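With the hints as a guide, bring both chains together as one complex.
Keeping their order, the protein sequence lines are chains A and B.
Going by my numbering, the first sequence opens with residue 1, and the numbers climb by one from there.
Going by my numbering, the second sequence opens with residue 1001, and the numbers climb by one from there.
No wet-lab data here; the hints were simulated from the structure.
Source: prediction; values computed, not measured.
Possibly wrong hints are sitting among the right ones.
Calculated from the model, a selection of chain B residues having no Cβ within reach of chain A, i.e. all distances over 10 Å [claimed, not checked]:
(1) L1007
(2) Q1014
(3) S1041
(4) R1104
(5) R1125
(6) N1127
(7) H1137
Chain A is faced by these chain B residues, among others (derived, beta-carbon under 10 Å) [claimed, not checked]:
(8) V1033
(9) D1037
(10) V1038
(11) S1040
(12) F1052
(13) I1053
(14) I1078
(15) M1085
(16) W1098
Quick reminder that beta carbons are idealized off the backbone N, C-alpha and C, glycines included.
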Amino acid sequence: MQDKIRKILRDHGRLAVDVTTLSDTSDLYQSGMTSHASVNVMLALEGEFDVEFPDNMLKRSVFESIASISSAINQLKN
Amino acid sequence: MLPEFDLPTSMLNQIKRYFSRRKALHAIGNDLVFIPDVESSHRQFGHRYLNFIFTSNELSDCVQADANFSYARLAARIAAKESIMKLLKPARDQLLPWQSIEIRRDQIGAAYVELHSPARELARRKNIASVAITLSHEHEYASALVLATID
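Next comes chain B alone, as it looks inside the complex (with noise of 0.2 Å):
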């Protein structure tokens, strides 16, 4: 149980104006991709190709009534990936596996990003404390804005 504190209304006020002052720190990225490159990639690497990049909650995700592969989700993942990359910034020698960063949809079809090692910690690191996402496709293009708050 918290302890009551009895302050001055004087240093309430004083304390919520200065939280009020404080500016949360984010970062941004964003991503534009074609998305008949991602056909083709599929078409000429296959398998190793989606699995590559996707784990396999997204391609259960990017399927399609008709069984096919929907090209214009798969871009849109692709995209909000390169989006968190250009955000958590790998080092030239650090690992970051496209699987680590993961794109699901809730119940009601929003889009939210799961941090997997190693990019959870290389998130960490850098502060990343939620990042917000959202995802858009229209005719041979997909793209993807994601926002970062920073402790």
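One chain only, chain A, in its complex shape (with noise of 0.2 Å):
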């Protein structure tokens, strides 16, 4: 799941750097993805793990790092 999630990140995030350098855990926003960049990782992964985010998991905090993306697509596919 994180190997989909950083190609995601790699296509739509707009990072300011290479996201194989990026721990589980680096700040994405810090990373340089803008708050419309993480609208396209969203979309990208609804489509990549046919989940939906509900509206109160619309928040930075969820999208802010790739364990926290990780860690929301595991509770919506359980």
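Right, dumping it as structure tokens:
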């Protein structure tokens, strides 16, 4: 799952750094992801993992790191 | 009916000097958006993308005469929303839907901001009394500048 998330971040996150240099807990917003880019990341995640983020999960904290995104998707899948 | 006050001129002048020296507090925000990114996002994610970010009013304001969307206008509105988010500084666990910040145009085409819940409540908590906004776009970039007056 982490690999798929990293690929989505590489394709849609508009990060200022190479995603391979980020740890699972690196702050994605500090790494260059804008709020607009996070929308694209969210939509791509929904498509890739066949989930839908409910309104109460549309917060910066959910998309702030690879670990938090992974946790959110696991929560939605289960 | 207001009571009439008969204040000495010297006192009136002191009051005028006090208020003329008071400076209103302001906060500013701005953002720059690469217009092709918006077109790319629409082409890739379709109406899900548009409906997530924009209200129906905003989408109507961005339709051109040929019935296609103006990506420049959409990008300018994204820049405006991001600028206002920078002003509001939501906490990491604060819900702030894109549609709660709505960019409208008045009868002469000037942009203005309408905040809906929860953006409206967040602005109130930060004592933001009013927000002025200006949009621009040229070639591949759209930008917005916002100025908030703080009580």
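Here is what the structure says about each hint:
{"no.": "1", "hint": "L1007", "result": "holds, 52 Å"}
{"no.": "2", "hint": "Q1014", "result": "holds, 48 Å"}
{"no.": "3", "hint": "S1041", "result": "violated, 5 Å"}
{"no.": "4", "hint": "R1104", "result": "holds, 20 Å"}
{"no.": "5", "hint": "R1125", "result": "holds, 17 Å"}
{"no.": "6", "hint": "N1127", "result": "holds, 22 Å"}
{"no.": "7", "hint": "H1137", "result": "holds, 15 Å"}
{"no.": "8", "hint": "V1033", "result": "holds, 7 Å"}
{"no.": "9", "hint": "D1037", "result": "holds, 7 Å"}
{"no.": "10", "hint": "V1038", "result": "holds, 8 Å"}
{"no.": "11", "hint": "S1040", "result": "holds, 9 Å"}
{"no.": "12", "hint": "F1052", "result": "holds, 6 Å"}
{"no.": "13", "hint": "I1053", "result": "holds, 6 Å"}
{"no.": "14", "hint": "I1078", "result": "holds, 6 Å"}
{"no.": "15", "hint": "M1085", "result": "holds, 6 Å"}
{"no.": "16", "hint": "W1098", "result": "holds, 7 Å"}
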